[in-house]
Amino acid sequence: MAVNSLIRPETPTPLPPISRRRPRRRYLGRKIGHHLILILICSAFLVPFAVMITTAFKTPQDIFRVPPKLLPDRWVLSNFSAAVRSMPFLRYLANTVFLVVLNVLGTMISCPLVAYSLAKLRWRGRNVVFGTVLSTMMLPSQVTFIPLYLLWDRIGAVGTFWPLIIPAFFGHPFYIFLLRQFFMGVPDSLREAGLLDGASELRIYLQVILPQAKAALATVAIFQFVATWTDFLLPLIYLNTQSNYTLSIGLYNFFGEHGVAWGPLMAACLIFTLPAVVIFMVAQRYFVQGIAVTGMK
Amino acid sequence: MADHPRVTAPSRRRRVRLAGFGFSTPWIIGFLLFMAGPIFVSLYYSFTEFNLFQPPKWVGLENYAALFGDPKFLRSIVNTAVFAIIGVPLGLVLALLVALSLNFPVRGQPLYRAIVYLPAIVPVVTATYLWRWVFNAQYGYLNVLLGHLGLPQPNWLVDPFWTRPSVIIITLWGIGGTAVIYLAALQQVPQQLYEAAAVDGANAWHRFRYVTWPTLTPVTLFQLIMGMIAALQIFAPTFLLTQDRNNAASGGPGDTLLSYTMYLFQNAFVFLRMGQAAAMAWILFLVIGALTVLILLSSRRWVHYGSE
Numbered sequence: 001m002a003v004n005s006l007i008r009p010e011t012p013t014p015l016p017p018i019s020r021r022r023p024r025r026r027y028l029g030r031k032i033g034h035h036l037i038l039i040l041i042c043s044a045f046l047v048p049f050a051v052m053i054t055t056a057f058k059t060p061q062d063i064f065r066v067p068p069k070l071l072p073d074r075w076v077l078s079n080f081s082a083a084v085r086s087m088p089f090l091r092y093l094a095n096t097v098f099l100v101v102l103n104v105l106g107t108m109i110s111c112p113l114v115a116y117s118l119a120k121l122r123w124r125g126r127n128v129v130f131g132t133v134l135s136t137m138m139l140p141s142q143v144t145f146i147p148l149y150l151l152w153d154r155i156g157a158v159g160t161f162w163p164l165i166i167p168a169f170f171g172h173p174f175y176i177f178l179l180r181q182f183f184m185g186v187p188d189s190l191r192e193a194g195l196l197d198g199a200s201e202l203r204i205y206l207q208v209i210l211p212q213a214k215a216a217l218a219t220v221a222i223f224q225f226v227a228t229w230t231d232f233l234l235p236l237i238y239l240n241t242q243s244n245y246t247l248s249i250g251l252y253n254f255f256g257e258h259g260v261a262w263g264p265l266m267a268a269c270l271i272f273t274l275p276a277v278v279i280f281m282v283a284q285r286y287f288v289q290g291i292a293v294t295g296m297k
Numbered sequence: 001m002a003d004h005p006r007v008t009a010p011s012r013r014r015r016v017r018l019a020g021f022g023f024s025t026p027w028i029i030g031f032l033l034f035m036a037g038p039i040f041v042s043l044y045y046s047f048t049e050f051n052l053f054q055p056p057k058w059v060g061l062e063n064y065a066a067l068f069g070d071p072k073f074l075r076s077i078v079n080t081a082v083f084a085i086i087g088v089p090l091g092l093v094l095a096l097l098v099a100l101s102l103n104f105p106v107r108g109q110p111l112y113r114a115i116v117y118l119p120a121i122v123p124v125v126t127a128t129y130l131w132r133w134v135f136n137a138q139y140g141y142l143n144v145l146l147g148h149l150g151l152p153q154p155n156w157l158v159d160p161f162w163t164r165p166s167v168i169i170i171t172l173w174g175i176g177g178t179a180v181i182y183l184a185a186l187q188q189v190p191q192q193l194y195e196a197a198a199v200d201g202a203n204a205w206h207r208f209r210y211v212t213w214p215t216l217t218p219v220t221l222f223q224l225i226m227g228m229i230a231a232l233q234i235f236a237p238t239f240l241l242t243q244d245r246n247n248a249a250s251g252g253p254g255d256t257l258l259s260y261t262m263y264l265f266q267n268a269f270v271f272l273r274m275g276q277a278a279a280m281a282w283i284l285f286l287v288i289g290a291l292t293v294l295i296l297l298s299s300r301r302w303v304h305y306g307s308e
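As given, the protein sequences belong to chains E and R, one line each in that order. If you read the first sequence in this note's numbering, its first letter stands for residue 1, the second for the next number, and so on. If you read the second sequence in this note's numbering, its first letter stands for residue 1, the second for the next number, and so on.
Bound conformation, chain R alone:
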């Protein structure tokens, strides 16, 4: 490397352009091949009747019409809505409470934080099988604990009323990730604000309501959107809770555990109705997009961006 070739400005710029594009080609190819292409192909499939073995046959909007007359489809929407409307806000509130506790100025915070986060890295298969055992009405440990506390001991995975709460409990066990994000945000609340509030004689609730909460709203917005997207796509916990060798199309007691994506999966790989499954995927895609926009629009009313 003794000689330093003199590079003129224009050729250097060209070189940078080439390198920049070149370095990005893996993503560009992957994006076209594994994302953009399949999105449009699945839109096309959603207008066809297609069972994998014969070529797709154009049927217009028939798949969409058939879905809205299908009780199982409507059932799966209700179930998924329960997970999203009850599970997600509940998860956010609990994660915030956990984060506020983790933020106590005590020794051992890293240990407490690690314990809270631990369930979030447990494989979903393990977590769900474990809960299937913990929920077991006869031999499970949860009902023992509830008994000690004098609470009712439901037949979690058998009673159609309690199956969906069971799924929500499993997802709540994994809120450590959200709590850690809230904790990081809490540690960035400017301390001067608390001091100013103390001078004004604010009590603990006022400090939370007027100092802490406003600075947490951007994080909450982000978590709300991510949580909602995840809840609408929930698959593994409901699938694993109802997994049955003899019935590939199981949906739990009264189909209460048939989540939207589970029914999509069954349509595609059990009933081989690829067209209907693609239509379900597109409905989900549009609903997620619309809800994201709605939440973002509503955020103008409740999200505060600091003057940083």
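Excised from the complex, chain E in its bound form:
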């Protein structure tokens, strides 16, 4: 299977040392060329960020200048206060944080537990269950979302946070798969030592296995954090009152009847983006690991 051929949990081999034989001048020229290409590529990725940041600090005169300029004549903070005041921004922020915390919690409880039983415990039906994990990894959510909506509607949960929280406690196929691959590499001797001490399976899992998996757990927690923080479709379907909006659907408030409040919108976008970026910066190692192992984006 294609997925398995991608799984190489060991760290990538370091870059080969550059040959010292090459004439020094040619080597330097090539190095500068490499940096130039990389800088060009990176600027293409960075320009939209620059627009977001500078627009957030612009006065309306600078925002609606023709022809537009990247940098403002005058840097102002008014867009940020407008963004926070013009809608229940803090409420949306609190709702988003609430959903993130519970989703990460649910994922951390369910996924490693299932992954461990699929990787290290022998039981009848294990392969069938692992098959369901593999086959649902690529299941288009469109196929399930109408019956699920009706299910939640039937029990009166549409408009509440429950449909956005409860599924996390039952596990996500991608994270289960990633953690299973990790647990496969944990030596059996750890579990056997626990068994000799007379510890129960649950105790071995909690006290011996989980502490081994900190890096893998961090990877999954970060992916879940970003996924919930940035989620758009589920809040759009299930949250239908202003008081329980998340930031991702609340931002539309800046699109008014008579045009878009671009300054405050970009300020709000900046605030909304920042936590994801900070998490990424702090935990870059885990991101790169997770992406390289699963091919997940």
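A couple of the hints might just be wrong.
[What the hints assert, rightly or not] Cβ-Cβ distance ranges computed for the label pairs, FRET-style:
1) 256(E) with 78(R): 31 to 37 angstroms
2) 277(E) with 165(R): 24 to 30 angstroms
3) 240(E) with 78(R): 30 to 36 angstroms
4) 213(R) with 241(E): 50 to 56 angstroms
5) 75(E) with 272(R): 47 to 53 angstroms
6) 40(E) with 62(R): 52 to 58 angstroms
7) 191(R) with 61(E): 56 to 62 angstroms
8) 159(E) with 62(R): 30 to 36 angstroms
9) 155(E) with 22(R): 22 to 28 angstroms
10) 194(R) with 85(E): 58 to 64 angstroms
[What the hints assert, rightly or not] Chain E is nowhere near these chain R residues, computed Cβ spacing over 12 angstroms in every case:
11) 59
12) 65
13) 75
14) 78
15) 152
16) 154
17) 158
18) 165
19) 201
20) 210
21) 253
22) 294
The set of hints was computed from the structure by calculation and includes no laboratory data. What you are looking at is a predicted structure, and each value in this text was computed from that prediction instead of being measured. Ideal placement from N, C-alpha and C gives every residue a C-beta, glycine not left out.
Guided by the hints, dock chain R onto chain E, whose structure is given.
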């Protein structure tokens, strides 16, 4: 924990079985309740007329027949096909080029890699609103840049010819994830192969074509399938580009931004045609399955698995 109870082999095995099944129950219940069950229920709905308020009424294949006579449905297929057929290969090629550049043996590689990956973690809502502003024909910055380069400055989100390229550009901004995967694969190409190729007098293109590329084909296969699945399901960017308070069923200029999933969403939650929406979901499901199989079959011709 002073006494160590002696556990006999059979009872231990039973204990392991119980624990194994027990630990997996969250997933088993979730799978039945949130995935397997709804899949079959939506298949049933696709054969019914259902508006949420009255119980579903069996209509056989009527929903499917109605869809293929619906110009908006056909329109949404064309739009989505553009995103998949042009956007996905373009994204893979650019991601590979970016990865090859990131693989240059220069200092600061982690910084360059971080910058390239950064847009991939920006919330899709932020990214799309930001691009809506960047694409703005009058005040947007993109056309300023194009002007500096002497290129045409289209009215991106208004001119029906340029709306779909706009969506592709937004998705291309987020190819950092794919590039990082390619980079990881590049760093695992066995160095001896390059040395052997150098001995044989291979030039840069030959080294890429006969050494690098074959080892990248499994990753490319995986990325092609994932990218295609994502493109066929594209929703948020097209929805957010056309979002309009006064028109919940908007599809952009000439409906050029009406993606398949967007029309599915409108059928379900705007027109309350749950049966037709379920039929659309099943058509999508089958198309994704068929395309995945086709790509996997074709992969025998172009994917090389190393003798590891």
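Against the structure, the hints come out as follows:
Residue 256(E) and residue 78(R) have their C-beta atoms about 33 angstroms apart, which keeps the hinted 31 to 37 angstroms range intact. Look at residue 277(E) against residue 165(R): about 27 angstroms separates their beta carbons, and that is inside 24 to 30 angstroms. At roughly 32 angstroms, the beta-carbon separation of residue 240(E) and residue 78(R) lies within the given 30 to 36 angstroms, and the hint holds. For residue 213(R) and residue 241(E), the Cβ-Cβ distance of about 53 angstroms falls inside the hinted range of 50 to 56 angstroms, so the restraint holds.
Checked against the hint of 47 to 53 angstroms, the C-beta distance between residue 75(E) and residue 272(R) comes to roughly 49 angstroms, which is consistent with it. Taking 52 to 58 angstroms as the suggested C-beta distance range, the pair residue 40(E) and residue 62(R) conforms, at roughly 55 angstroms. A hinted range of 56 to 62 angstroms holds for the C-beta pair residue 191(R) and residue 61(E), which are about 58 angstroms apart. For the hinted restraint 30 to 36 angstroms between residue 159(E) and residue 62(R), the CB-CB distance of approximately 32 angstroms keeps it satisfied.
For the pair residue 155(E) and residue 22(R), the supplied restraint of 22 to 28 angstroms holds, since their beta-carbon distance comes to about 26 angstroms. At about 59 angstroms, the beta-carbon gap between residue 194(R) and residue 85(E) stays in the expected band of 58 to 64 angstroms. Under the 12 angstroms C-beta cut-off, the non-interface status given to residue 59(R) relative to chain E holds; the minimum distance is some 16 angstroms. For residue 65(R), the shortest C-beta to C-beta distance to chain E comes to about 19 angstroms, beyond the 12 angstroms cut-off, and the non-interface label holds.
Distance to chain E confirms residue 75(R) as a non-interface residue, since its nearest Cβ pair spans about 18 angstroms, more than 12 angstroms. Residue 78(R), annotated as away from the interface, keeps every beta carbon of chain E farther than 12 angstroms; the closest lies near 18 angstroms. Every CB of chain E lies more than 12 angstroms from the CB of residue 152(R), the least distance being 16 angstroms, so the non-interface label holds. Consistency note on residue 154(R): stated as away from chain E, and its beta-carbon is indeed over 12 angstroms from all of that chain's, at 16 angstroms minimum.
For residue 158(R), the non-interface assignment is confirmed: its Cβ lies about 15 angstroms from the closest Cβ of chain E, beyond the 12 angstroms cut-off. Chain E leaves residue 165(R) outside its interface by the beta-carbon criterion, the shortest separation being 16 angstroms against a cut-off of 12 angstroms. No beta-carbon of chain E comes within 12 angstroms of the beta-carbon of residue 201(R); the shortest separation is about 16 angstroms. With a least CB separation of 19 angstroms from chain E, residue 210(R) remains clear of the 12 angstroms interface cut-off, as annotated.
A cut-off of 12 angstroms between C-beta atoms confirms that residue 253(R) is not in contact with chain E; the least separation is 17 angstroms. No Cβ of chain E approaches the Cβ of residue 294(R) within 12 angstroms, the least distance being about 14 angstroms, so the stated non-interface status holds.
Consistency note: the structure conflicts with none of the earlier hints.
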